[in-house]
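Sequences listed follow chains A and B, in order.
Here numbering that gives the first Met the number 0 is used: position 14 in the first sequence is 13, and no number is missing along the way.
Here numbering that gives the first Met the number 0 is used: position 165 in the second sequence is 164, and no number is missing along the way.
FYI, nobody ran anything at the bench for these hints, they're computed from the structure.
A couple of the hints might just be wrong.
[What the hints assert, rightly or not] Ranges between beta-carbon positions, derived for each pair:
no., chain 1, residue 1, chain 2, residue 2, range
1, B, Ile111, A, Asp287, 22 to 32 Å
2, B, Lys164, A, Asp646, 43 to 53 Å
3, A, Gln421, B, Val75, 38 to 48 Å
4, B, Gly54, A, Val300, 40 to 50 Å
5, A, Val379, B, Gly163, 44 to 54 Å
6, A, Arg318, B, Ser124, 52 to 62 Å
7, B, Leu131, A, Gly329, 53 to 63 Å
8, B, Ile111, A, Gly149, 27 to 37 Å
[Said to hold, decoys possible] Not the full set, but computed from the structure, chain A residues with beta-carbon under 8 Å of chain B:
no., residue
9, Gly67
10, Ala167
11, Asp342
12, Thr346
13, Phe348
14, Leu350
15, Tyr357
Note that beta-carbon positions come from the ideal geometry of N, C-alpha and C, so glycine has one too.
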Amino acid sequence: MSATPPAAAQVVSASLRASRIGLGITAALALAALPLLTSSSYYIHLAALIAIYSVLLLGLDIVVGYTGEVSLGHAALFGVGSYTVGVLVFQLSWPVWAALPAAIAVTAVFGVALALPALRVTGPYLAMVTLAFGTIVQILINEMDFLTNGALGISLRKPEFFGHRLNATEYYYFVVVVLGVTVLVVNRILKSHLGRAFEALRDSPIASDCMAVSVYRYKVYAFVISAALAGLAGGLFTYSEEYISPNTYSIELAIQFLLAVIMGGRKTRSGPILGAIIIVMLPNLLSDLELFRRLAVGVTVLVGVYGAFALAKQKRTLRQLAPPVALLVGLSVFSFVIDDITDYRLTIFGLMILLVIYYLPDGIVGFVRNTIGQLHPNWVQRHEVIEATGDAERTWQATAAGSAAGAATSDCVLKVDGVLMQFGGLTALNRVEMNVMRHTVHGLIGPNGSGKSTMMNVLTGIYKPTGGSITFEGQPLAGRTSAQIAAAGVARTFQNVQLFGEMTVIENVLVGLHHTFRSNIVDVMLHTPRYTREERDARARAAGILSFVGLAAFANEEARNLPYGKQRLLEIGRALALDPQLILLDEPAAGLAAPDIAELVGIMRKIREHGITVILIEHHMDVVMEICDRVSVLDFGNKIAEGAPADIQANPKVVEAYLGGVAEMEELGDGAGGGR
Amino acid sequence: MEIFTQLAVSGIALGMIYAVIAFGYQLTFATSRTLNFGQGEALMLGALTGLTIAGHIGYWLMIPVVMVFGAAQGYVVERLGVAPAIKTKSEFGWIMSTIALGIIFRNTAENIWGKDDLKFPSPLSASPMKVLGVNVLPMEILVVVGAVAMMLAVEFFNRRSIYGKAVVATSNDRDAAGLMGINTGVVISFSYALSSLTAALAGVLVAPLTLTGASMGAVLGLKAFAVAIIGGLNSGLGVIVGGLILGIAETTTGYYLSTGYKDVPGLLLLLVVLAIKPSGLFGKLAIKKV
Chain A
0 MSATPPAAAQ
10 VVSASLRASR
20 IGLGITAALA
30 LAALPLLTSS
40 SYYIHLAALI
50 AIYSVLLLGL
60 DIVVGYTGEV
70 SLGHAALFGV
80 GSYTVGVLVF
90 QLSWPVWAAL
100 PAAIAVTAVF
110 GVALALPALR
120 VTGPYLAMVT
130 LAFGTIVQIL
140 INEMDFLTNG
150 ALGISLRKPE
160 FFGHRLNATE
170 YYYFVVVVLG
180 VTVLVVNRIL
190 KSHLGRAFEA
200 LRDSPIASDC
210 MAVSVYRYKV
220 YAFVISAALA
230 GLAGGLFTYS
240 EEYISPNTYS
250 IELAIQFLLA
260 VIMGGRKTRS
270 GPILGAIIIV
280 MLPNLLSDLE
290 LFRRLAVGVT
300 VLVGVYGAFA
310 LAKQKRTLRQ
320 LAPPVALLVG
330 LSVFSFVIDD
340 ITDYRLTIFG
350 LMILLVIYYL
360 PDGIVGFVRN
370 TIGQLHPNWV
380 QRHEVIEATG
390 DAERTWQATA
400 AGSAAGAATS
410 DCVLKVDGVL
420 MQFGGLTALN
430 RVEMNVMRHT
440 VHGLIGPNGS
450 GKSTMMNVLT
460 GIYKPTGGSI
470 TFEGQPLAGR
480 TSAQIAAAGV
490 ARTFQNVQLF
500 GEMTVIENVL
510 VGLHHTFRSN
520 IVDVMLHTPR
530 YTREERDARA
540 RAAGILSFVG
550 LAAFANEEAR
560 NLPYGKQRLL
570 EIGRALALDP
580 QLILLDEPAA
590 GLAAPDIAEL
600 VGIMRKIREH
610 GITVILIEHH
620 MDVVMEICDR
630 VSVLDFGNKI
640 AEGAPADIQA
650 NPKVVEAYLG
660 GVAEMEELGD
670 GAGGGR
Chain B
0 MEIFTQLAVS
10 GIALGMIYAV
20 IAFGYQLTFA
30 TSRTLNFGQG
40 EALMLGALTG
50 LTIAGHIGYW
60 LMIPVVMVFG
70 AAQGYVVERL
80 GVAPAIKTKS
90 EFGWIMSTIA
100 LGIIFRNTAE
110 NIWGKDDLKF
120 PSPLSASPMK
130 VLGVNVLPME
140 ILVVVGAVAM
150 MLAVEFFNRR
160 SIYGKAVVAT
170 SNDRDAAGLM
180 GINTGVVISF
190 SYALSSLTAA
200 LAGVLVAPLT
210 LTGASMGAVL
220 GLKAFAVAII
230 GGLNSGLGVI
240 VGGLILGIAE
250 TTTGYYLSTG
260 YKDVPGLLLL
270 LVVLAIKPSG
280 LFGKLAIKKV
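Make the full structure from the sequences, and use the hints.
Pasting the structure below:
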C-alpha cells in the first residue's frame, strides 16, 4: 500500500467512491422496485420491518462496533420508542410529525439515564444495567395499564400525511426514506470528529482521555445517539404493525439485535442492514424444517469447501477448521434428527451466536471484505483517504498565541508542591517538589522504579495524588480529570506506545485536534459551513503536523503498521495537535536507532522554539545532557537532586543512585553522564 | 410493624439466595474479570436435575450429586464460552457466548422437563414455626444456613489451602500469578466450576420455596446482578448486605405497592448505586496501571 504513489491512490479512491455511489443507487432502485415485483402485502410488511430494524441496528453498531460496549437494552429502548408513539397516538391522537420526534426524544432521555451511571466504570456494567433495564421496561409497560393499556396492547392505524392515510406500500416507501436518511446521518457522524472519538476511545481509552477526548463523555454520547435511533425505529414499528403489546420487547429480541450486528458485520453500514434481513427472515426460516435442513446442509457444504480450499492453500490449519466444521456437521445432523423445529428454535439461535462470535468475528460483510482484500488489496478501502496538505505556518497557530498569553502570567508553568503518591503501603512519590520554567526542556531522570512514570501519571490526572498539590498556569489541577487537564494544555506521550492502532496516522493526529471543533452533532448531521470549515482546517493542520514530525508519507497508513520509531514520532505529533503549553515526553528515545535519536532531538528543539515547555523522561543520558535546560533526579520516589545538566552529572548522590555504592565516584561520574 | 417484620423475614431468605448467586459472579469476576450471564440457568439446571435425582435417592443425598453436576456444567461453560474469549481479550465475546450458552441450556431444559413450572417437594416440614412472634418456614432457615455455610466454606478454602492461595493470587494479578508457575487457565476453569456449583446448590435450596421450571433462572440471575453491583463486585460482605437489601425491598414493595412492581425498586437501586458509588457500597475501585 505504501508503495502506491499518491496520484494512483487518489484514482483508486475516486473509482471506489464512484462504485460505492453506484452500489447505493442500485440498492435504492431495488428497494423502490420491490413493491412492483410483489403484490403480497406480507412481503411488503417484512421489507418495511427490515428497514425499521436496520435503523435500530445502525445505531446499535455505534455502541457495539465503535465503542465496544455491549447493550442488552436496545429491545427495551425500541419498546420505549414504540410505546411513546403508541400512547401519544392512542391517548392524545398526536399526528405522526409530532409523535415520531417525541419517540426519539423520550428514548434519548432514557438513554442518558442509563448511560450516565452505567458507563462511569469500565467493565461489563453497561451489559448488566441494560439487561436490568430491559426487565424494568417490560414490567412497567405491563403494569402501567392506565397509560399503556397493559398486556392488552395498543391498536392504532398507519400515519396520515396532509389528510391522506398511508397504505402499506406507501408506508414502506416512507420507512425506506427514513432508512436512507439514517444511513446518511450515521455515516456523517461516524466520519466526523465524533466518530473518530468513538473509535479512538475503544483503541486506547487512556490516550483518548489524554487527548482531551473524555472516554466517559463520548461513550455516553454514542449510547444516546444509539438510543435515539432505537426510539425512531420503535416509533416506525408501531405504525408498521398497527398493534403493539409488551411481550415483543423481550431480552430475546435484544440478543437478536446483537446477533444481527455481529453477524452482518460491525463498523459498516451494510452489515447492520444485512443483519436486519437475517433476523427478520430467521423466524420464517426456523418455522420451516425442510428449508432449515437444506440451509444447514448448504452452509455446511459451503464452509466445508472453503475449509478445504483454505487448507489446500495452507491459510488455515486443520486444528483451526475442525471445530466450526464439526459444529456445522452436528447442526446438519441435528436438523434431520428433530421432527419439530419450533421446540429447538432457541438452541439453534444460541448455536448461531457461538458460531458467529468465534468463527465470523467480523461478520459476513467483514469476511467478504477480508477475502476480497486478500485477492485484490486495492478493491478494499478500510479508511477514508485524506489528501490534505498542510503549510508550516498553520501547524503551530494556536500555540503561539497561547504562549504569549501565558508569558504574561508567570515564568513557572508547572509547580509541583509536596506531591505524595501512595499505593497501599508503597510510597511511589515522597513529597516531591518541582518547578518547571516556561520555554525550557525539563529533564526528569532516575533509575527504573524511581517514580518518573508515576509522576507523569499524576501530572496528567491518571492517578490521584495522596497528598500535595499541582499548579499548572496558576490553576490547581486537583480534582480534574485527565481529559480536563489535557484540555487545559498538558499533552503527553506514553512509555508503552498508546496509539489508536486501527486508525490511520492522520486520523490519530485528528483525534488530537478534536479540541479545535466547536461543531455540535447538528452541524455534523447537516454539514453546516461551520463543520466543513473546521474539518478542512483540522485536516490541513494535521497534514502540517505530520510533515513536521516527518510522517507525511505515511498519512493514510494504519498506525499499528508503522515501525516502532515512527510510532513514537506519531505520538509526539498527536500530542502537539493538542496545542499544549506543556508536553510530557515519556522516554521518547527508547528503542530508537541513533539517526532517529538525532532527528528526535531536532524535533524537541523545535518544540521548545515554538514556546512549548517540555518535561522529558529519558534514559539516554546523552540526549538529556544535550537538550535539557534543567534536570530533576528521582530515586525511590524522592527527589535527590535538581540543577543544570552539568551539575547533575557531577552530583555524587545521582551517581550513587544510578550505580550504587559511594566508592570511587570521582571516576564513575563521567560514566553516569555518558549514559550507557 | 408485625407485618413488616414478617415481610423482612421472608425477604432475608430470598436475599440470601440472591447473595449466593451474586457470590458466584464474584468468584469468576475475581479470577478472570468475566461473569457468566447464564448463571441463572446454572441455578435452574441444578434445581431441575435435583428434582429428578431427589425422586430416586431423596433430598439430602441428592445435594452432593447436584454439586458435582453444577461444577461440571460450570466447567463446560468456561471451556466453550469463556476461555476462547479470554484468549482474544474480547469482552463482547464472553458476554455473548455465556448468554448464548444460557439460552441453549434453558431451551434444553424446556425440552426435557417441559415449559410448565413443577413443584419441588420440601424436605422439611412445610408448616411455619413461630420464632419471636414471626412465622418462619423451616426451609427458609435452611436456605440462610446453607447460603452462609457455602460462602464461609469458599472463604476458608481461599484463605487456608494452597489451592485457595493460587486462586487469590490469580485474582490479584493474573499475569504475575502465571509467572509464578500458577496455571491460571486451570484456576479460571476452577472458579467457573465453583461458581456454577454454588448456583446449583442455591437452586436446590430455593426450589422448595418457589416453583421450579426452565424459566426460573433468568429473573434470579438478573437480581443477583443487581446485588453484585449494589454490594460491589469484589466484596464478600457486600453481596450479603446487597442481597438482604434487595430481598427485603422486594417483599415489602410486593406487599405495600403491588406484586407487579416488586422487581422495580431493586433495579432502580442498582442505577442509583452506580451513579453515586460505581464500585458498589462495599467495593474498592481498582487503580488502573498505565
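Those earlier numbered hints the structure runs against, lowest number first: 10
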